Amino acid sequence: MQYQFKFEKILSLKAKEKDEAQTVYQETVKRFEDAAEHLYSLLKKKEDLESYQAERLNTGLPIQEIRHHQHFVGNIEKTIDHYQKMVINARNHMNYQQAQLMEKNIEVKKYQRIKENHHLQFLAEEKYEEGRLMDEISIQQYMNREVR
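Position 100 of the sequence shown, counted from 1, bears residue number 122 in the numbering used here, the numbering being contiguous throughout.
Treat the hints loosely; a few may be bogus.
[What the hints assert, rightly or not] Label-pair restraints from in silico Cβ distances: (1) Ala37 with Lys67: 39 to 47 Å; (2) Arg154 with Lys132: 31 to 39 Å; (3) Tyr150 with Asp56: 53 to 61 Å; (4) Glu39 with Gln162: 46 to 54 Å; (5) Arg89 with Asn114: 48 to 56 Å.
Since the hints were derived computationally from the structure, they do not count as laboratory data.
Note that the coordinates shown come from a computational prediction; the quantities given were computed from them, not determined experimentally.
Every residue gets a Cβ at the ideal spot worked out from N, C-alpha and C, and that includes glycine.
Produce the entire structure from the sequences given, and follow the hints as far as they go.
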């Protein structure tokens, strides 16, 4: 008799859901990394601009250029604030998707564990039935010897 797991379709469905959750999680990680890298580049640009401005202030800088730099730094700070919010949202979404993935993974593990236990039970029943048949054959052979 061939082994057939009664929840095989459910197991395959749960495995497919887990794979989809894995894909979504990878996408959210990518979005988070992209936003974080962009934020880092903006922070680096602001730092470089401020150090450049400090150097230029030591050598002398026209007021118009100082205003221009201050305006530019203000715009960069607004962009930085925006990207900080994006990074926070991306991190929260990534953490949520990670929790979803872990939940799907646990569900798949549960069904795999059920399948393993069910298969072991099937093997034990098959072994018991085989032993019973061997006993029956032995009894019949003994009875045939007795008859002769």
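Practice prompt. Report the numbers of all earlier hints that the structure fails to satisfy, in ascending order.
Written response: 5
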